[in-house]
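Chain B: place on chain A using the hints.
Now for the letters of each chain:
Protein chains: 2
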Amino acid sequence: MENIRNYIQDHKERFLEELFGLIRIPSISSESEKKPEMIRAAEYWKKLLLDAGADHAEMMPTEGNPVVYGEKLADPSAPTVLVYGHYDVMPVDPVDLWKTPPFEPEVREGKIFARGADDDKGQAFMQAKAFEYLVKTGTLPCNVKFMIEGEEEVGSPSIAKWCKEKKDMLKADIILVSDTSMIAEDIPSITTGLRGLCYMEVEVTGPNRDLHSGLFGGAVANPANVLAKMIASLTDEKHRITIPGFYEDVLAVREEERNMLGRAPFDLQAYRKALDIHDVCGEEGYSTLERTGIRPSLDVNGIWSGYTGEGAKTVIPSKAYAKISMRLVPNQDHHKIAELFQKHFISLAPPYVRVKVTALHGGQAYVSPIDMVAYRAAEKAYEDTWNRKPVPVRSGGSIPIISTFEQVLGIKSILMGFGLESDAIHSPNENFPLAQLYRGIETIVHFYGHFAHMSRQA
Amino acid sequence: MENIRNYIQDHKERFLEELFGLIRIPSISSESEKKPEMIRAAEYWKKLLLDAGADHAEMMPTEGNPVVYGEKLADPSAPTVLVYGHYDVMPVDPVDLWKTPPFEPEVREGKIFARGADDDKGQAFMQAKAFEYLVKTGTLPCNVKFMIEGEEEVGSPSIAKWCKEKKDMLKADIILVSDTSMIAEDIPSITTGLRGLCYMEVEVTGPNRDLHSGLFGGAVANPANVLAKMIASLTDEKHRITIPGFYEDVLAVREEERNMLGRAPFDLQAYRKALDIHDVCGEEGYSTLERTGIRPSLDVNGIWSGYTGEGAKTVIPSKAYAKISMRLVPNQDHHKIAELFQKHFISLAPPYVRVKVTALHGGQAYVSPIDMVAYRAAEKAYEDTWNRKPVPVRSGGSIPIISTFEQVLGIKSILMGFGLESDAIHSPNENFPLAQLYRGIETIVHFYGHFAHMSRQA
Numbered sequence: 001m002e003n004i005r006n007y008i009q010d011h012k013e014r015f016l017e018e019l020f021g022l023i024r025i026p027s028i029s030s031e032s033e034k035k036p037e038m039i040r041a042a043e044y045w046k047k048l049l050l051d052a053g054a055d056h057a058e059m060m061p062t063e064g065n066p067v068v069y070g071e072k073l074a075d076p077s078a079p080t081v082l083v084y085g086h087y088d089v090m091p092v093d094p095v096d097l098w099k100t101p102p103f104e105p106e107v108r109e110g111k112i113f114a115r116g117a118d119d120d121k122g123q124a125f126m127q128a129k130a131f132e133y134l135v136k137t138g139t140l141p142c143n144v145k146f147m148i149e150g151e152e153e154v155g156s157p158s159i160a161k162w163c164k165e166k167k168d169m170l171k172a173d174i175i176l177v178s179d180t181s182m183i184a185e186d187i188p189s190i191t192t193g194l195r196g197l198c199y200m201e202v203e204v205t206g207p208n209r210d211l212h213s214g215l216f217g218g219a220v221a222n223p224a225n226v227l228a229k230m231i232a233s234l235t236d237e238k239h240r241i242t243i244p245g246f247y248e249d250v251l252a253v254r255e256e257e258r259n260m261l262g263r264a265p266f267d268l269q270a271y272r273k274a275l276d277i278h279d280v281c282g283e284e285g286y287s288t289l290e291r292t293g294i295r296p297s298l299d300v301n302g303i304w305s306g307y308t309g310e311g312a313k314t315v316i317p318s319k320a321y322a323k324i325s326m327r328l329v330p331n332q333d334h335h336k337i338a339e340l341f342q343k344h345f346i347s348l349a350p351p352y353v354r355v356k357v358t359a360l361h362g363g364q365a366y367v368s369p370i371d372m373v374a375y376r377a378a379e380k381a382y383e384d385t386w387n388r389k390p391v392p393v394r395s396g397g398s399i400p401i402i403s404t405f406e407q408v409l410g411i412k413s414i415l416m417g418f419g420l421e422s423d424a425i426h427s428p429n430e431n432f433p434l435a436q437l438y439r440g441i442e443t444i445v446h447f448y449g450h451f452a453h454m455s456r457q458a
Numbered sequence: 001m002e003n004i005r006n007y008i009q010d011h012k013e014r015f016l017e018e019l020f021g022l023i024r025i026p027s028i029s030s031e032s033e034k035k036p037e038m039i040r041a042a043e044y045w046k047k048l049l050l051d052a053g054a055d056h057a058e059m060m061p062t063e064g065n066p067v068v069y070g071e072k073l074a075d076p077s078a079p080t081v082l083v084y085g086h087y088d089v090m091p092v093d094p095v096d097l098w099k100t101p102p103f104e105p106e107v108r109e110g111k112i113f114a115r116g117a118d119d120d121k122g123q124a125f126m127q128a129k130a131f132e133y134l135v136k137t138g139t140l141p142c143n144v145k146f147m148i149e150g151e152e153e154v155g156s157p158s159i160a161k162w163c164k165e166k167k168d169m170l171k172a173d174i175i176l177v178s179d180t181s182m183i184a185e186d187i188p189s190i191t192t193g194l195r196g197l198c199y200m201e202v203e204v205t206g207p208n209r210d211l212h213s214g215l216f217g218g219a220v221a222n223p224a225n226v227l228a229k230m231i232a233s234l235t236d237e238k239h240r241i242t243i244p245g246f247y248e249d250v251l252a253v254r255e256e257e258r259n260m261l262g263r264a265p266f267d268l269q270a271y272r273k274a275l276d277i278h279d280v281c282g283e284e285g286y287s288t289l290e291r292t293g294i295r296p297s298l299d300v301n302g303i304w305s306g307y308t309g310e311g312a313k314t315v316i317p318s319k320a321y322a323k324i325s326m327r328l329v330p331n332q333d334h335h336k337i338a339e340l341f342q343k344h345f346i347s348l349a350p351p352y353v354r355v356k357v358t359a360l361h362g363g364q365a366y367v368s369p370i371d372m373v374a375y376r377a378a379e380k381a382y383e384d385t386w387n388r389k390p391v392p393v394r395s396g397g398s399i400p401i402i403s404t405f406e407q408v409l410g411i412k413s414i415l416m417g418f419g420l421e422s423d424a425i426h427s428p429n430e431n432f433p434l435a436q437l438y439r440g441i442e443t444i445v446h447f448y449g450h451f452a453h454m455s456r457q458a
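Chain order of the listed sequences is A and B. Just so you know, we're using the numbering used here here: the first sequence kicks off at 1 and counts up by one. Just so you know, we're using the numbering used here here: the second sequence kicks off at 1 and counts up by one.
With the rest of the complex left out, here is chain A (with noise of 0.2 Å):
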């Protein structure tokens, strides 16, 4: 039987032309008119599973973008494994700090670079090469489902609904996810815990058109001004969120915890000299990897307002806008911090400007248990890969999609993932290293074997 690293090294170049046609469609979710690159990305990954050797796929419609399904139900005796992945992407601006453009790959210093080359593309993209492999050397040892939907980077709408609706189908031992990163290309980590997420738009109105600023200058509120106070009220000199309630669920981590947290791999003049910044700032009394791992953030996305371009516009802005998220940790609600946040922002807005807080998504935190079966399987087949035994970390991400699987469809899932820190992922110039592409599909595979022995063991 051939090896997978072997099939690997016979197989690459089609692999990374098929990847490649993957990352030419700007699948953008946010941008709604984008729709059409949608459905073809999504019947990009119907051709992927079929020519990979699934019985059958096809394209399932929800009230967004369509999911796409198919599977090899090879064994009803055996576990069932449910791929998770997305095939839609984050914008791409600023598009002039790309040295490439996003949407045409490129191969430089060994790594894919590309909006999509990890975040979901990628790693997605591993999933179905391992499971082609299975199949094609006949050693597929469980039955596999896949479920690649289209609106992640928009918080996933619509597939809590589809999931509802498809339980039985989609009914599994675990949900697979490559959609997370390692500690370093050394040093493999599973993510164990996974940050929620709320976010919100807010829109700040004060007269009724733009104003001149010298005739109203002093007289008039500048919701502009206005809205600068009241982000700026949102967090106070320890850098703790002000909004009232917004701690209240939150669950002290224990000690040993903290501690295990603590032993995690971490060079902070390294962080610090990547991001070139002179320090790292975050709350008071809690390390950078705890404030990522297991507290709360809150943060500007985005702000706009008044005249923006070149050289000078003497106005008062009718408008002012900020997009603002919260990152959110295990046992706090995100529809409840969204309720607190709008009302805490409608409370802080002045009797002169009006103010509209809109939720634009959310989704809850997850924490994946170490002791069950796939974490152990998982565990193993890192060390089959790496010789190096993986450290379960938490990470400050959200995939909102995760929680609600656990809660639709009553399946845990075990988040293998493989991008670094340094792939860029949502920013200009994203990358995969083909080092991390190759060792993931190796990987999986493992996982495969792993899992299906483990749980006729249980």
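Rather than coming from a laboratory, the hints here were simulated on the basis of the structure. All clues stand as given, with none of them false.
The list makes no distinction among identical chains, and a pair is therefore deemed to hold if it is satisfied within one copy or across any two copies.
Below are the DSSO-like pairs computed for lysine-lysine, each with C-alpha atoms no more than 27 Å apart in a straight line:
{"no.": "1", "residue 1": "238", "residue 2": "273"}
{"no.": "2", "residue 1": "238", "residue 2": "343"}
{"no.": "3", "residue 1": "356", "residue 2": "273"}
{"no.": "4", "residue 1": "72", "residue 2": "12"}
{"no.": "5", "residue 1": "343", "residue 2": "229"}
{"no.": "6", "residue 1": "356", "residue 2": "99"}
{"no.": "7", "residue 1": "229", "residue 2": "273"}
Since we're looking at a predicted model, the values are computed, not measured.
Coordinates of chain B only, in the frame set by chain A:
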């Protein structure tokens, strides 16, 4: 002799045609790609002046856009009036709020709607037509010089140097400017004070690239949040500006002058209603007219950072920007204020961000004495047209060049503006009532007569 009202009646269609031709040229001085339009607008003005009866007119180069200069020197013993205006206009964004395209003038409900309809194409055009009437009817009682520049909306960076070089050519007894507004269509007023301007741009840099707000949120300073805090701290709860030394050179206005200002007609209820605001907002201890007339102010004219498109993007932006300007009162020096701002803003920056502060432009405040001949002549001219004595008012706006003229040329200005607050200058749907256009031309004609007569008496 044909009187001015009849002359306007007989020629009004041609007047509109000529003004519309000028308006249709999108001469936005802050947009560098509009350079060819600036030249077209200047050429248009040269022709306007020659057609109106100037002996001579030409486009004179400066370091920036050309100045159109024209003259008719009637009589060495008569006083000389130097007319100032500008052919450049403000940008038009947000363009989707315009009911009709900004450079396609349209008359609706007796008003011309277009960018520049008032500021300053419409207003400067009145000067050309009053001049035309006096020339064509052989009744011009003064020598007249015109200088129409193309950089007023970006702070007139080139004209001071040009004036220094052309000081002899520009010799005059008074500078006549139509670029301000009246209290209301039935309440004529003359602007006797203008605020100065100090316009800054700031850039706050956090990490060297946009970051994923999940992976980094809470651990790395977000420049948009930091900028909001910095801006928030620039004013206190009493709406006073907190920059150290900012008020140092502000002269307290005498009680009697404040009382006089307080007598200017002002309807707070109507003001609030026109702007659709629940309340005004400004420095504690001052009325609305005082806040714009005799007190300095600070406004965010633009702010931008991160993702500002449709939907959600979970990003920590690398950079955040703002345009911040301050209106200044007499005796405040805009160069000094720019330095104070810069020093203070940099001192506000926490160690985890980098800050860049640039002065975009500035101008000094100006006060026009109400006992000079030109003021008294203008007073009579308004009374001729409106049957009502005009009120002297301190405007909150800035025409930075006015104080420069006094400094460089040693000539005072008289600000005979006919705009209305409802003209929405610098805003979408800028407009100018035809009635003001015609009355303005008439009033300027009267001014020339009174000014020549009173100058001879003085």
